[in-house]
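Input sequences plus hints: build the corresponding full structure.
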Amino acid sequence: MNDALPREFYDRDVVVVARELLGKQLVRAAREGIALGRIVEVEAYVAQGDPASHAYRGRTRRNAAMFGPPGRAYVYAIHSRYCLNAVTEPPDVPSAVLIRAIEPLAGVELMARRRGMSRPRDLARGPARLCEALAIDRGLDGWDLTRGERLWIAEDAEGTPAAGRIASATRVGVSSAADRLLRFYVADSAFVSKRPRVSAAPPGQ
DNA sequence: CTACCGATTGACT
DNA sequence: GTCAATCGGTAGA
56 MNDALPREFY DRDVVVVARE LLGKQLVRAA REGIALGRIV EVEAYVAQGD
106 PASHAYRGRT RRNAAMFGPP GRAYVYAIHS RYCLNAVTEP PDVPSAVLIR
156 AIEPLAGVEL MARRRGMSRP RDLARGPARL CEALAIDRGL DGWDLTRGER
206 LWIAEDAEGT PAAGRIASAT RVGVSSAADR LLRFYVADSA FVSKRPRVSA
256 APPGQ
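Residue numbers for the first sequence follow the working numbering, so the first one is 56 and each next one is one higher.
Hints were generated in silico from the structure; no laboratory data involved. Just so we're clear, the structure is a prediction, and the values are computed from it rather than from any experiment. In this text, a Cβ means the ideal position worked out from N, Cα and C, and glycines have one as well. Do not take every clue at face value.
[What the hints assert, rightly or not] Distance windows between CB atoms, simulated:
1. Gly-203 / Arg-250: 31 to 39 Å
2. Ser-230 / Glu-87: 31 to 39 Å
3. Glu-63 / Arg-193: 22 to 30 Å
4. Ala-212 / Arg-114: 34 to 42 Å
5. Pro-145 / Arg-117: 16 to 24 Å
6. Ala-85 / Ala-132: 25 to 33 Å
7. Glu-87 / Pro-145: 29 to 37 Å
8. Val-71 / Arg-168: 35 to 43 Å
9. Arg-168 / Ala-245: 19 to 27 Å
Given below as structure tokens:
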């Protein structure tokens with residue numbers, strides 16, 4: 056059950072992988088112990104025609120992992136914090152899934168210590184919070200997530216959420232391609248980082 | 001080399 | 001809701 060997902064899982068269309076990553080376990084094994092949580096929010100960054108992607112302007116030192124094989128981690132820094140992606144699709148097709156939030160399942164005390172706070176809901180709600188809680192930094196950039204060591208993704212006993220529980224929305228913090236619905240999250244999870252603006256939905260929704 | 005700017009977060013009105 | 005800290009990446013002089 057805690058086996059790492061195989062390379063073939065990641066070697067598919069990035070949107071398909073993004074949706075199927077919901078409900079999976081993100082597992083981090085470090086010297087201090089194991090910490091893991093259920094993925095509840097992701098964003099897809101596509102290889103072609105996506106100006107919001109770090110790979111849009113071609114390969115650089117930072118985004119090199121996105122151009123590598125599927126199933127590797129792409130870890131980048133922003134505002135002095137780190138964010139984790141899972142690389143998808145074949146080499147030289149630079150697509151990736153940003154892991155935006157997890158629901159802590161085990162190693163909660165360890166996560167709390169790393170975060171310097173303990174409210175479970177806020178431990179890993181957000182891409183950089185999640186990395187802090189799991190001690191993920193650029194040292195794990197390019198790490199092979201299929202090895203089942205240090206950092207990997209595994210099936211969870213609850214399985215993939217039913218399609219009706221999965222919502223899509225615009226990606227957070229991107230100014231280009233802002234209209235595309237490439238964020239996916241478990242609609243009824245309290246551990247999702249951001250909700251879409253309230254729309255003019257009729258009462259009772 | 002300098003200048004600009006985020007795939008963010010936490011503090012504050 | 002608004003706002004700025006903060007620093008690595010990137011582009012350009």
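- Query: Has the hinted range 29 to 37 Å been met by the Cβ atoms of Glu-87 and Pro-145?
  - Reply: Given range 29 to 37 Å: holds, Cβ gap about 36 Å.
- Query: Does the hinted range 34 to 42 Å hold for Ala-212 and Arg-114 at CB?
  - Reply: 39 Å, holds
- Return holds or violated for the Cβ distance of Gly-203 and Arg-250 against the range 31 to 39 Å. The hint (31 to 39 Å, Cβ to Cβ) holds, given that Gly-203 and Arg-250 are roughly 34 Å apart.
- Task: Note whether the CB distance of Arg-168 and Ala-245 lies within 19 to 27 Å or breaks it.
- Result: 22 Å, holds
- Message: Tell me if the beta carbons of Val-71 and Arg-168 are separated by a distance inside 35 to 43 Å.
- Response: 36 Å, holds
- Query: In this structure, is the beta-carbon distance linking Glu-63 and Arg-193 contained in 22 to 30 Å?
  - Reply: 27 Å, holds
- Within 31 to 39 Å or not, the Cβ separation of Ser-230 and Glu-87? 38 Å, holds
- Distance restraint evaluation - Ala-85, Ala-132, Cβ atoms, bounds 25 to 33 Å: 19 Å, violated
- Beta-carbon spacing of Pro-145 to Arg-117 - inside the hinted bounds 16 to 24 Å or not: 21 Å, holds
Going down the numbered hints, you'll see the structure goes against just number 6.
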